[in-house]
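Asks: Going by UniProt numbering, the sequence shown opens with residue 1, and the numbers climb by one from there.
Honestly, the hints are just simulated from the structure, not real lab data.
Fair warning: there could be bad hints in the mix.
Heads up, simulated DSS-like pairs for lysine-lysine below, C-alpha to C-alpha not over 27 Å straight-line [as the list claims (entries may be wrong)]:
id, residue 1, residue 2
1, K393, K177
2, K13, K393
3, K393, K782
4, K696, K684
5, K549, K566
6, K191, K214
7, K774, K784
8, K358, K782
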Amino acid sequence: MPNEGARYPALKKQILEQYFSRMNPRQREAVFTVSGPVLILAGAGSGKTTVLINRILNLVRFGDAYHSDYIPPLGEEDYAFLESWAEGAGGDEERLCSLIASRPVRPWNILAITFTNKAAGELRERLERTLGEAARDINAATFHSACVRILRRYIERLGYSPSFTIYDSDDSIRVIKRQMDLCGVSDKNLKPRTLLSVISRAKDAMLTPQELMKSSNDYLTQTAAKCYQGYQQELRHANAVDFDDIILLTVRLLQENSDVLEYYQNRFRYIMVDEYQDTNLLQYKLIALLAGGHHNLCVVGDDDQSIYKFRGATIENILQFEDQFPGAKVIRLEQNYRSTKTILAAANGVIQNNTERKGKNLWTENGEGAKVQVVRLSDEQGEAAYICDTIAKNVREGQHFSDHAVLYRMNAQSASIERELTRSAIPYKIIGGLRFYERKEIKDLISYLSIINNPSDNLRLTRIINEPKRGIGEATISAANELALSLGLPLFEVLRAADEYQPLSRKALSLIEFTRMIDSFIEEEAGGLPLDELFDLVLERSGYMAALKAQGTLEQTRIENLEELKTNIQHYMQENEEPTLSGFLEEIALYTDLDSYNDSDDRVILMTIHSAKGLEFPNVFVAGAEEGIFPGSQSIYDPQQIEEERRLAYVAYTRAKAALHITCCAQRMIFGSTTRNMMSRFIKELPKETYELDDKTVSRNLLEDVRPQRTQKSAASVSRRLGAGMPARKADSASYSEGERVEHPVYGAGTVLSVKPMGGDRLLEIAFDSVGTKKVMANYAKLKKPAEV
């Protein structure tokens, strides 16, 4: 028999490399490096999710087989089987694992942390396709959901009840506003969000209100510290936590309870963290605590895509990883599978101007592709027109609306683009607008369910006590709140015994009836009533649905939204073996707008660049690339902030797969005033060979017209005479009548159903042969009549 000392290791490595042959060498290195701290620097589009999936697959199936020196006693039949596998014949995977695996990892010993529920869900789905039922035991969760699970089990050690409520940002604003009133702070001087931001940073640094007050004597810090004290007291009184508390309390729990820490260190022996560049100080502390037992920590991230400093993310976590976790191995994933060579060269050229980076250079085997289109327009109307015209042209040539994304630095930039898309009858969807769970009717019903789960939640209680109207006014609610505070009782307990308190005597009957209704819901839930039936019961007995129906068709949209909420509850029930009310409330409390993004909708996507991270599109428009807009005016004189803005540009450019358009304007009206901005440095930093500049401004065009005449008038004077901005569309002088056939550049042939004059234009309702009925504005639709076609 050949020397087993060389035969077995060679066969084993050959089999494993073939098993993971779809991956490139650097990806396989990341998959096979399973022990100790590992930093995977994953460039944009480099397949980091694929690496995470396959790394977990390798851990569960083969363990540390690739690097293990162990040689088991095998017979010639076993070697024949392995040689067959090595030659690509395949075979019994269970037998293969038994022959080459070394210390395979039990699925429940793996914790994989992502930043969104959507990413965690996709991770679980892909793992289940590769690992089967074993994948269900792998802990794939967001930071917040992983911490909530820990807190539900042990939070009583910190003085909270396990039925705690999670307050979202709107809830937090309502609480801080009340504290501002109590502290005599006007929201004209300080915005509630500003104070919450200071409090959030204090929690990230694990500062108490008293420690925050000692940290600085400036007005903002002192005011925030005073409000922070009352804010936390109110949350504690309501048995509620905010998003920052979820991680802060988990870190405190682990630091103060060695038995709990030891339990989770043994439970999570292999930890993987995605998007590590977006972690803050508290998240680093959490990971360091959990990984402190076995030190098998793998983080995946890209320092060039660290763009959430405003949320507390610290790029130092990824830049200093080797110092914080001695002996760490660094693996760079630089092959890009998303973009063209030209787009990558453009993005690389820009990001290389940053100094705070570990350094890497993306490359691809994709084609060269088209040059980046840099287009300068007269104003925001011209910018929007260019974007819409380009989308319409691409759709006419066979692309889909959903192949296009418009990215901008600030939400305020979207108005002109939305207006033009609407006029051009181009369907679109905004990511980051009013989210489903932020709608009034949804928040109302979630408040009912929250009170059933946690009657101490005073904030949600005051929201729905008179919703629908029960004749319980603000004065009654205020008196009840004062009584509750003075007696040190939950508000709900005071309302239950309203007839015993003179200030509440006039409304005692209504208040007691309300609490009896809530108590009946609590009994039904405790008795095992399914969640969807409990939801129907609340809608009926509370009178909420009856109140909406009484409004007639005016409230039909709200009714439909509540029906959608019930659908979401049913989906939750189907996806969870033991669905609970607290589990559902926990899931939606940690929900984000990106979790609802559905790339099957054929619509143009509009979103901020921050929201676009992690997504990709064939065609990307980066709007408003001007100094003062992108980069923003507050960043221009701060080198660190400029580096953050440049990383944002890098993220924006690398979202594009085939075509990247960067637009800027000679002048722009934003926030009610007109500004004239220079072209962004993030355009000037593009390598010259990667882009084409098309200047469509009025001054440029007029200069070209008059230059042969040797006029002495400057571009600026011509621009002032004729106006710096020109109409995005010329008025359509054609007349249209009902029954007439027309041709639309995107939707094709159709029949005019109606013509209505509207604001100097005409609203046409057209039944298109291929896509059904659409409404378009005549001046913007670029319609042709049969004789012109």
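Asks: Against each hint, give a clear statement of whether it holds in the structure.
Replies: Hints, one by one, checked against the model:
Of the supplied pair hints, the one linking K393 and K177 is violated, its CA atoms being roughly 49 Å apart against a limit of 27 Å. About 51 Å separates the Cα atoms of K13 and K393, which puts this hinted pair outside 27 Å; it is violated. At roughly 12 Å between alpha-carbon atoms, K393 and K782 fall within 27 Å of each other, so this suggested pair holds. The straight-line distance between the Cα atoms of K696 and K684 is roughly 17 Å, inside the 27 Å bound, and the hint therefore holds.
With a C-alpha separation of about 17 Å, the suggested pairing of K549 with K566 holds against the 27 Å cut-off. Annotation: proposed proximity of K191 to K214 holds, straight-line Cα distance about 22 Å (limit 27 Å). In summary, the hint linking K774 to K784 is supported, as the alpha carbons are separated by about 16 Å, within the 27 Å threshold. Restraint check for K358 and K782: the C-alpha separation of about 50 Å exceeds 27 Å, so the hint is violated.
The structure fails to meet hints 1, 2 and 8 from the earlier list, while all remaining hints are met.
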